[in-house]
Amino acid sequence: MQSRLHAPTNLAPVDDASTLARWTMALVEREIPAEVERARFLSRSGLSSAADPDASIPAETAWEVWRELTDAHADEVVGIHFASALPESAIGVVGYLATTSETVLDGLRRVASFYRLVKSPSSMWIEEDDREVRVFDGPPAGSPPWPRHLAEAVVFAYKAFIERVTGRALLPVAVRLQHAAPASAHLVRASFGAAVQFGATHNMIAFDAADVRRRSFRHDPTLHAYLLPVAEQMLHRATAQEDDPTLSMLERAITSSLPSGNVSLERAARSLGVGARTLQRRLRERSLTFQGIVDDVRRRLASRLLEDSSRSLKEITFLLGFSDPRALRRAQRRWRTRRSSSSSSLPALVDD
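If you're matching positions, the sequence shown starts at 278 in the numbering used here and goes up one per residue.
A hint or two may mislead.
Stated by the list, open to error - Derived SDA-like pairs: lysine to any residue, alpha-carbon spacing no greater than 20 Å straight-line: (1) Lys591 <-> Gln609; (2) Lys591 <-> Arg581; (3) Lys591 <-> Ser534; (4) Lys591 <-> Pro602.
To be verified - Here are the in silico distance ranges between beta carbons for each label pair: (5) Arg558 <-> Pro335: 51 to 57 Å; (6) Arg408 <-> Glu314: 46 to 52 Å; (7) Ala349 <-> Gln568: 46 to 52 Å; (8) Pro335 <-> Gln510: 20 to 26 Å; (9) Ile309 <-> Gln510: 33 to 39 Å.
Calculated directly from the structure, the hints in this document are not laboratory data. On a predicted model such as this, the values are computed, not experimentally measured, just so you know. We treat Cβ as the ideally placed atom computed from N, Cα and C, and that holds for glycine.
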């Protein structure tokens with residue numbers, strides 16, 4: 278008996294503040310280690326080395342970056358090597374949900390369920406029967422194939438994930454890739470350890486059903502139960518932002534204005550090309566306030582920045598638009614108070 282599980286993805290082109298964005302920035306850092314040169318590349322590509330480590334990147338821009346940095350790369354399977362070195366944190370909370378699931382298949386199902394948080398626009402689903410489990414992952418129907426090395430990285434990441442949570446080397450049953458066979462096709466086949474069909478209709482990797490029904494030695498029911506409502510909240514927010522692009526655009530405008538300390542409704546409205554009264558009315562219709570959104574953007578950005586041990590407290594204070602570290606600590610206490618009365622919790626940000 279065969280079943281098919283679709284990921285709840287929005288197939289319309291949207292700005293991607295998900296794993297594709299993080300992978301793209303990680304690729305840039307890996308391939309252009311010099312900070313000044315990297316900043317020039319990001320500027321030329323229409324990107325920014327902004328404070329927000331999860332800053333939105335239009336999918337088309339990310340694909341172009343992958344093409345520019347990998348198409349003529351000396352490493353003929355650079356995408357595969359890139360994916361093989363990535364930890365589960367590379368796909369954020371969804372990666373941790375997958376690795377803490379009871380079985381490999383449960384983990385793959387979690388990825389499918391929360392795929393909007395991983396990559397968009399795209400289409401991912403799982404087909405399973407008594408013999409095989411097939412994972413499909415690629416651009417929306419009718420769209421051109423992903424850049425070759427990005428596609429190989431994405432598909433190989435599933436093999437790497439299963440090997441990581443089972444502690445066993447794994448040979449897929451079959452691999453299909455949408456792009457044409459490269460000159461280094463033999464290296465691709467050797468890396469996957471399986472026959473690879475190029476020029477396929479979909480990107481797909483198939484595994485023996487027994488392999489993916491194995492128990493994960495990384496299973497952690499307590500952590501999994503903690504992360505599940507967090508992921509659900511993130512998915513709800515991502516879906517809401519797709520339905521209301523104004524909110525997503527407003528949050529990006531606020532993020533870019535924070536370091537200057539000049540965050541105002543009027544300035545944000547100008548960046549959105551609307552009047553201040555119009556923006557205020559739209560927020561009121563959604564039972565939102567501008568200051569509440571600013572505070573939420575700061576809280577989420579602070580949580581990410583403070584996980585980066587390379588950043589000083591002084592730098593983080595500046596990037597968040599606070600006058601000094603004491604102001605950040607006061608905000609932290611307010612966030613903690615809010616957290617204590619909320620069903621979702623966040624890690625402490627700054628020690629008092």
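Self-check item: Hint numbers not upheld by this structure, sorted from lowest to highest
Solution: 5
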